[in-house]
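Please take these sequences and the hints and turn them into a complete structure.
Listed below are the residues making up each chain.
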Amino acid sequence: MSVLLDVRDINTYIGQFHILEGVSFEVPEGEIVALLGRNGAGKTTTLKSILGLAPPRTGDVVFEGKDLRGLHSFDVAAKGIGYVPENRAIFGALSVEENLRIAERSKGDLDRKSELIFGLFPDLKRLINLPGTNLSGGQQQMLAVARALVPDNRLLLIDEPSEGLAPVLIEQMMDAIMQLSDETTVLIVEQNFIVASRLAQHYVIIEEGTSVVSGDMEDLVNDDDTIRKYLGAA
Amino acid sequence: MTTTTATKPPRATGTSRWLKQNRGRLALAAFFAFVVFSALFTMDTNDWLITIIRGLAVGAITFLVASGLSLIFGLMDVLSLAHGEFYMLGAYVGWTIYVRPDTFLDILTPVALVLSALALLPLWRHVASRWPRGKWPRIITPIVVGLAGLAIVLFVFAKFPLSIWDLEVYTDTPINNAVALDQGVQEVPPPAGFDGISPLVGIISIWLGGALLGLGIAGGVERKAEVTAPLAGRSTYVIAATVAILGLVVYTVNDPLTDWWYALGTTPRFFFALGITVVLGFGLGAFVEVVFIRPLYDRLLYQLMMTLGLGFIIIEVVRSVWGRPAFTMPKPAAFNGTGEGCPGEGLGGLFSGCSTIKIFDSRVRLYNEVFIILVGIIVLVGINLIIKRTRLGMIIRAGVQDSEMVEALGINVRRVFTVTFGMGVALASLGGVIAAPAVGLSPGMGATVLLLALIAMAIGGLTSFSGAAVGAVVVGVMQQFMIKFGSVGIPVPWMEEPFKPSPVLVPASVILLMIVVLLVLPHGLFGREE
Chain A
237 MSVLLDVRDI NTYIGQFHIL EGVSFEVPEG EIVALLGRNG AGKTTTLKSI
287 LGLAPPRTGD VVFEGKDLRG LHSFDVAAKG IGYVPENRAI FGALSVEENL
337 RIAERSKGDL DRKSELIFGL FPDLKRLINL PGTNLSGGQQ QMLAVARALV
387 PDNRLLLIDE PSEGLAPVLI EQMMDAIMQL SDETTVLIVE QNFIVASRLA
437 QHYVIIEEGT SVVSGDMEDL VNDDDTIRKY LGAA
Chain B
186 MTTTTATKPP RATGTSRWLK QNRGRLALAA FFAFVVFSAL FTMDTNDWLI
236 TIIRGLAVGA ITFLVASGLS LIFGLMDVLS LAHGEFYMLG AYVGWTIYVR
286 PDTFLDILTP VALVLSALAL LPLWRHVASR WPRGKWPRII TPIVVGLAGL
336 AIVLFVFAKF PLSIWDLEVY TDTPINNAVA LDQGVQEVPP PAGFDGISPL
386 VGIISIWLGG ALLGLGIAGG VERKAEVTAP LAGRSTYVIA ATVAILGLVV
436 YTVNDPLTDW WYALGTTPRF FFALGITVVL GFGLGAFVEV VFIRPLYDRL
486 LYQLMMTLGL GFIIIEVVRS VWGRPAFTMP KPAAFNGTGE GCPGEGLGGL
536 FSGCSTIKIF DSRVRLYNEV FIILVGIIVL VGINLIIKRT RLGMIIRAGV
586 QDSEMVEALG INVRRVFTVT FGMGVALASL GGVIAAPAVG LSPGMGATVL
636 LLALIAMAIG GLTSFSGAAV GAVVVGVMQQ FMIKFGSVGI PVPWMEEPFK
686 PSPVLVPASV ILLMIVVLLV LPHGLFGREE
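Each protein sequence line maps, in turn, to chains A and B.
So for the first sequence, the numbering used here puts the first residue at 237; every next one is plus one.
So for the second sequence, the numbering used here puts the first residue at 186; every next one is plus one.
No lab work stands behind these hints, which were simulated from the structure alone.
Hints may contain errors.
To be verified - Computed spacing ranges between beta-carbons, pair by pair: (1) B/Pro480 to A/Thr294: 22 to 32 Å; (2) B/Leu204 to A/Ser350: 46 to 56 Å; (3) B/Thr427 to A/Thr294: 50 to 60 Å; (4) B/Val566 to A/Glu257: 54 to 64 Å.
To be verified - Only pairs whose alpha carbons sit at most 25 Å apart, straight line, appear in this in silico BS3-like list of lysine-lysine: (5) A/Lys361 to B/Lys573; (6) B/Lys344 to A/Lys343; (7) A/Lys315 to A/Lys302; (8) B/Lys573 to A/Lys349.
Virtual Cβ for every residue (Gly too), placed ideally from N, Cα, C.
So this is what it looks like as structure tokens:
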């Protein structure tokens, strides 16, 4: 089992604020890793640091054995990293199809992937010509994940996929992410511990900008002390 | 876990909902229709019609500037205050290619050589990123290298065989050149030779000067980078080589090419000038974006200062090269026919080539009113197609909303910014060339248009492209009505004499209109709420 992404002691500032003060973890290829921690702990910033949207001031992000330091975020993304941001960032002025089409890195990506995408999210096929603004929250979330699937990404960074979704939709989203992990590696930020524990094989807990504990999810589920200490009531 | 389901207000049924959502726009449309139709009752029908047509022509010119402004502002959040000056520069450059193609051909060689060296910027960036890493060398080296390059370029430029008009000698001023072309008595200027320097030395040293300049720029822009920049792709070398070869070819066939060009009629010369100016405008815009705007992303005030200062520099350059007095650009023959069968009648007159045609008893100038409006419509449709149908347009539409997410998809947003800025400047230059035969050239022509364009943008909703088009037409028509009312007068029931707005009220009326629109619709006609 090789390491796909290696985050080594990154320190990230946003403006003058020292947001990440030493975050280190590894993401093994083909697995799902959950970033856990309280609100404001720095989970989203960690994802942005990996992508170069909030470049770390010190420390290294190594993807497929190559250091990503100094690359623009579009170069980082083009190496095969898909991003599903917390706010979904669906382009309102674009139709559902265009929202998918814009993610193509080579012509015909969408056509090659349409079976996978519409298999996971059959609703999107029905909405294909609707403008992005007309989608509900759940539909936007599906589109955001689908968009990250259009090019051949080796790694998906998914931020809070269950946030704001009705329970039925959370189930559907979890099914989709499970199926995805057969094809790619996933690094997921999830507030809902039940969702995270069912999805991920590994976990990393971030506390006030520092990665404090990491390990196998199976162990964490039975470790009430750690859960209580870092994540609040289980 | 927080649950934030999007709550929508209860939906009213179709028509009434539409009416409610658009009541501001409807009110304004009603107001505008009221102004236009009340003018119909106080004015002669012919006056009324011609005023609207003139308004559309002014609107078309305004639109060419405003559309670029709104594209750039929407995508990059940069308000380019130099846009009026890009328009003005476009007019002067277009005039020069049109009236004095020899000057253009002469100057093309050194400019192409310098540009070819600058086009290798990715290579220079690669070289610059290997320079010493200390703080002071990083700051000083690019400045020294860049200034040395600039000095060489300027020195050799002066030695190149350029035959420009002599501003001191009246018979050779731009004014006289224009008159000579218009009367068909223009002579081919004598070829000029290198000034005390061997051509080979001149050509090689100007390229090297450009290379040093590029190296300085690359070092200055990438000062913070801590990594070695990647080597340039093959397309960079292809572009650089093509431009250099173009310059050298033009140098070798300069004299026959000049003779051929002068033998052409004014119409092909005009359209040559038009096309070349638009391409040059695109190049200038791309250059300005990379060198001046890119280091200032997210610093709005600095960008405003930068573009404002750039505008002043352009004005001074134009004054020193073309002189201060205003001058004219002769209309191309296809739009300037007189004599037998003129003025043309009705729709058939559109193809008669007469300078004026008669529509509904009023005389319309073929160039000023018909051609300019036509160009405006073609550009409107063309840019709309680009935005709606191409991948570039899709990225622009997405980037207007969230350029960070576009970047996170692996799209090189910077390149899209450069192309968009280039497109904006190309559109402004097109506006300048189109407007010049109708309104003439003066170094102050940019400021007037910029004001109108900014107002059109504000009315249309700043970032909306179709908003810029509607705003430009509204501004143009309003302005022309006020001018016409200035001579006809508005009959007011309780006054004996009709009220005649003084010329001062013309720009004021447009600004007043903007204020009214923004009071009713704070985001303009088509703006999005933030």
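Here is what the structure says about each hint:
1. Checked against the given bound of 22 to 32 Å, the beta carbons of B/Pro480 and A/Thr294, roughly 24 Å apart, stay inside it.
2. Evaluation of the 46 to 56 Å hint for B/Leu204 and A/Ser350 yields a failure: the beta carbon distance comes to about 40 Å.
3. Judged by the Cβ atoms, the range 50 to 60 Å given for B/Thr427 and A/Thr294 is violated: they are separated by roughly 43 Å.
4. Range check, B/Val566 to A/Glu257: Cβ separation about 55 Å, and the 54 to 64 Å hint holds.
5. Between the alpha carbons of A/Lys361 and B/Lys573 the distance comes to roughly 21 Å, so the proposed pair stays at or under 25 Å and holds.
6. Taking the CA atoms of B/Lys344 and A/Lys343, the gap is about 50 Å. The hint is violated against a cut of 25 Å.
7. Between A/Lys315 and A/Lys302 the CA atoms are separated by roughly 10 Å; this keeps the pair inside 25 Å, and the hint holds.
8. For the given pair, B/Lys573 sits about 24 Å from A/Lys349 by alpha-carbon distance, which is consistent with the 25 Å threshold.
Of the hints listed earlier, those the structure fails to meet are numbers 2, 3, 6, in rising order.
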